[in-house]
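Student: Residue numbers (the working numbering): 962 to 1055.
To be clear, the hints were calculated from the coordinates, so they are not data collected in a lab.
Keep in mind that this is a model prediction, so the values were computed, not measured.
It is possible that part of the hints are untrue.
Said to hold, decoys possible - Label-pair distances were calculated between CB atoms; the ranges are:
id, residue 1, residue 2, range
1, Gly1053, Asp988, 25 to 33 Å
2, Arg1054, Leu996, 12 to 20 Å
3, Ser1032, Arg1054, 26 to 34 Å
4, Thr1036, Asp1010, 17 to 25 Å
5, Leu1051, Lys1030, 17 to 25 Å
6, Asp1001, Phe1025, 19 to 27 Å
7, Ile992, Lys1030, 29 to 37 Å
C-beta: ideal position from N, C-alpha, C; glycine also.
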Amino acid sequence: MAALKRNRLTKSLSRLGLDDGGLYDLDILTIISQLMGIQDDKLSDTFSDIYIHFINEGDQVTTFELEGKISLIATQCYEMLKTLVEIEILLGRI
């Protein structure tokens, strides 16, 4: 959930001219994958795509509905990433 909120902050800063070139999101993605037990060289494009999809979905949430929706989006993102990791373990990719 914090990553979704931070992403909204970095997007706002970028609009003000303080663009990080996307590096901040990559660091968070690496941290999340490591916490889920994935080594850097085993991180799949699908894992990244799922994460980025939910980050972008969080950008669409209005300030009025922020707390409730961000929590739901974060939970959905985690569950999908967890399922992907379980599948990739079964397939011997991780």
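Student: Compare the structure with each hint and give your call.
Tutor: Outcome of the hint check:
For the pair Gly1053 and Asp988, the supplied restraint of 25 to 33 Å holds, since their beta-carbon distance comes to about 28 Å. The hinted range of 12 to 20 Å is satisfied by Arg1054 and Leu996, whose Cβ atoms lie roughly 18 Å apart. Distance hint for Ser1032 and Arg1054: a CB-CB separation of about 30 Å, consistent with the stated range 26 to 34 Å. Our hint of 17 to 25 Å for Thr1036 and Asp1010 holds, since their Cβ atoms are close to 18 Å apart.
Range check, Leu1051 to Lys1030: Cβ separation about 32 Å, and the 17 to 25 Å hint is violated. Hint check: Asp1001 to Phe1025, Cβ distance near 38 Å, so the stated range 19 to 27 Å is violated. Ile992 and Lys1030 have their C-beta atoms about 23 Å apart, which leaves the hinted 29 to 37 Å range violated.
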